[in-house]
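One line per chain: the protein sequences are X and E, in this order. Per full-length UniProt numbering, the first sequence starts with residue 1, numbered consecutively. Per full-length UniProt numbering, the second sequence starts with residue 1, numbered consecutively.
By construction, these hints were calculated from the structure, which means they are not laboratory data. Everything numeric in this text was worked out from a predicted model, so none of it was measured. Hints are not guaranteed to be accurate.
[What the hints assert, rightly or not] Now the stretches of chain E that chain X is said to cover, found in silico as 3 or more residues with beta-carbon under 8 Å:
#1 101-112
#2 136-150
#3 157-169
#4 292-304
All C-beta atoms, glycine included, are put in the ideal place defined by N, C-alpha and C.
Protein chains: 2
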Amino acid sequence: MPGGAGAGRSVPAAADTAGELGEFGVIERLTGDRFQPEPVLLGPGDDAALVAAPDGRVVATVDTLVEGVHFRFDWSAPEQVGRKAVAANLADVAAMGAVPTALLLSLACPGTTSTEVLDGLAAGVWDAAADAGIGVVGGDTVSADTMVVSITALGDLEGRAPVTRSGARPGDVVAVRGDLGWSAAGMAVLRRGFRSPVAMVAAHRTPRPPWREGPVAARAGATSMIDTSDGLLADLGHVAAASRVHVDLSSRLLPVADKLRDVASALGGDPLGWALTGGEDHALVATFPSEDVVPDGWAVCGEIRAGTGVTVDADRWGGAGDPGWRHWR
Amino acid sequence: MPGGAGAGRSVPAAADTAGELGEFGVIERLTGDRFQPEPVLLGPGDDAALVAAPDGRVVATVDTLVEGVHFRFDWSAPEQVGRKAVAANLADVAAMGAVPTALLLSLACPGTTSTEVLDGLAAGVWDAAADAGIGVVGGDTVSADTMVVSITALGDLEGRAPVTRSGARPGDVVAVRGDLGWSAAGMAVLRRGFRSPVAMVAAHRTPRPPWREGPVAARAGATSMIDTSDGLLADLGHVAAASRVHVDLSSRLLPVADKLRDVASALGGDPLGWALTGGEDHALVATFPSEDVVPDGWAVCGEIRAGTGVTVDADRWGGAGDPGWRHWR
Numbered sequence: 001m002p003g004g005a006g007a008g009r010s011v012p013a014a015a016d017t018a019g020e021l022g023e024f025g026v027i028e029r030l031t032g033d034r035f036q037p038e039p040v041l042l043g044p045g046d047d048a049a050l051v052a053a054p055d056g057r058v059v060a061t062v063d064t065l066v067e068g069v070h071f072r073f074d075w076s077a078p079e080q081v082g083r084k085a086v087a088a089n090l091a092d093v094a095a096m097g098a099v100p101t102a103l104l105l106s107l108a109c110p111g112t113t114s115t116e117v118l119d120g121l122a123a124g125v126w127d128a129a130a131d132a133g134i135g136v137v138g139g140d141t142v143s144a145d146t147m148v149v150s151i152t153a154l155g156d157l158e159g160r161a162p163v164t165r166s167g168a169r170p171g172d173v174v175a176v177r178g179d180l181g182w183s184a185a186g187m188a189v190l191r192r193g194f195r196s197p198v199a200m201v202a203a204h205r206t207p208r209p210p211w212r213e214g215p216v217a218a219r220a221g222a223t224s225m226i227d228t229s230d231g232l233l234a235d236l237g238h239v240a241a242a243s244r245v246h247v248d249l250s251s252r253l254l255p256v257a258d259k260l261r262d263v264a265s266a267l268g269g270d271p272l273g274w275a276l277t278g279g280e281d282h283a284l285v286a287t288f289p290s291e292d293v294v295p296d297g298w299a300v301c302g303e304i305r306a307g308t309g310v311t312v313d314a315d316r317w318g319g320a321g322d323p324g325w326r327h328w329r
Numbered sequence: 001m002p003g004g005a006g007a008g009r010s011v012p013a014a015a016d017t018a019g020e021l022g023e024f025g026v027i028e029r030l031t032g033d034r035f036q037p038e039p040v041l042l043g044p045g046d047d048a049a050l051v052a053a054p055d056g057r058v059v060a061t062v063d064t065l066v067e068g069v070h071f072r073f074d075w076s077a078p079e080q081v082g083r084k085a086v087a088a089n090l091a092d093v094a095a096m097g098a099v100p101t102a103l104l105l106s107l108a109c110p111g112t113t114s115t116e117v118l119d120g121l122a123a124g125v126w127d128a129a130a131d132a133g134i135g136v137v138g139g140d141t142v143s144a145d146t147m148v149v150s151i152t153a154l155g156d157l158e159g160r161a162p163v164t165r166s167g168a169r170p171g172d173v174v175a176v177r178g179d180l181g182w183s184a185a186g187m188a189v190l191r192r193g194f195r196s197p198v199a200m201v202a203a204h205r206t207p208r209p210p211w212r213e214g215p216v217a218a219r220a221g222a223t224s225m226i227d228t229s230d231g232l233l234a235d236l237g238h239v240a241a242a243s244r245v246h247v248d249l250s251s252r253l254l255p256v257a258d259k260l261r262d263v264a265s266a267l268g269g270d271p272l273g274w275a276l277t278g279g280e281d282h283a284l285v286a287t288f289p290s291e292d293v294v295p296d297g298w299a300v301c302g303e304i305r306a307g308t309g310v311t312v313d314a315d316r317w318g319g320a321g322d323p324g325w326r327h328w329r
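This is chain X alone, in the form it adopts within the complex (with noise of 0.2 Å):
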């Protein structure tokens, strides 16, 4: 249920943790006293919260963070943890071509957690929300033994169809536009107990995705895309899958950045392989009819032929890396 501004409890004046705030503290502390934008027709604090859905459509999806597999608290700051989880929502929505127009945040969290800890989440929850001018228009908290952090965004197509994963025909180039491995470089970093390359600590602590960019290519005509949560190659292979086509990249346009390069020759790791199988960093990744209407900053880097699943340089990838993040393994 959203709460807030009307749960009609006083807030402890001294509260030093969730179990002191209460559940509707916690929400207040999360959701209250906000800036609100335009599309948020009714924010927290009633049963549901109201959000405008212009084109007669809404763009749904829920993306979850759990703490000890997802985010450490000795890796990364609350705020930078509240980005991270919107970043992963916010690309998800752009991969459809939309815009964001909400969210809605649960938070599952130990009784003793910090009014610190909740505050930093909130701030760098709202950061990145008002970054993307959006709200959080409802929250629910609940008490758990494990900080749970699932986000739901809300998004809008402005009368556009959806660009999905099963777009890609044979004949269209493979473009991209974000960071490629460099969250997985910034997490073979933190391993190693370093704090530097400061570049590659954040985009692990917090990706950014270039989630403009979404409808962008959607307008361009993008013919499928996806974000890279899991790695480009698995990614791919979703496209591939539903596409019912062949991925097949090329090594040489894949855009490596030169910082990926030297981290991995300081660590021994493999900059190719990060960029291929390193999750988390949200890059988009689209189809298009041809080169010529792939937008600006986008790198192409690969082609769709008739077939199946995703090659590199016509080849299975051999190479160093896991194929894409999974859980439980």
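We have chain X; now place chain E onto it with these hints.
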């Protein structure tokens, strides 16, 4: 991220646990291969779903259940937990006067969770969704030590204004539709190690909110509405605070079921206390400008006056029972 049919991974033939199924196998199990009703323009299997929002606005709410806090598998079958999670959301949508259009499901669970539990949970969620004529359009699955079931519900107001908590006015009557205190009575029964009366136990395991009555009340001119998730007194406290009015209930008019009285006398409980303070029934309570417009089947049980707070027979409730459910107590 919604996933499912297009995820492009094969499900192990004889998986026994979530860990063996893997992330995409679990998502497929929870959302794949089901009937999606008409409002669903694009179901699970892409980065996001697409749902019709006929009136150009969308109602949205999120509700989260945690194992050990909101449900216990020794008291409830997985199917009942699934139904319960959906019920709470449908009640929130109904309390705005809206009809539900779609659900999104986020499931955090240990890798050791059995496929039997997953299938039962999915069956409960889908059965409850089917009863409401809607589908589960997206899902996310992550590993966590504790099971956390988070459901987002979307709804449509059919062109009406939302019925909020803030519209009650002095002179309005208060009316309730649905069970009061049944879930609390059922929990008291289970705590004593009993399994009957079946109706009360069933009400605790799977509340059946009268969610179809939300739009009925809205069409009849309800001025405010809420569902009794925290207990009648606590939830009317939200209405009193948001509307800046005094709510006075009449103990004589409150619909206290004979079965509730029977259980109370058997266990030494207080039936009025359960009806006033028991949570999780997800009954609907609304205010109407006059008794004449209260829809059939709703029980008039109080009135709105100038002032603040909630009273019973013009007095503060001093009986037994928690003032509504709170976390972290």
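Examine the region 292-304 of chain E for residues whose CB is less than 8 Å from any CB of chain X, and state whether their number is three or more. violated (count 0)
Given that the region 157-169 of chain E was listed as covered by chain X, double-check it with a C-beta distance under 8 Å for 3 or more residues. Since 5 is at least three, the answer is holds.
Are 3 or more residues of the region 136-150 of chain E near chain X, judged by a Cβ distance of less than 8 Å? With 12 residues close enough to chain X, the hint holds.
Examine the region 101-112 of chain E for residues whose CB is less than 8 Å from any CB of chain X, and state whether their number is three or more. holds (count 6)
Taken one by one, the earlier hints fail for this structure only at number 4.
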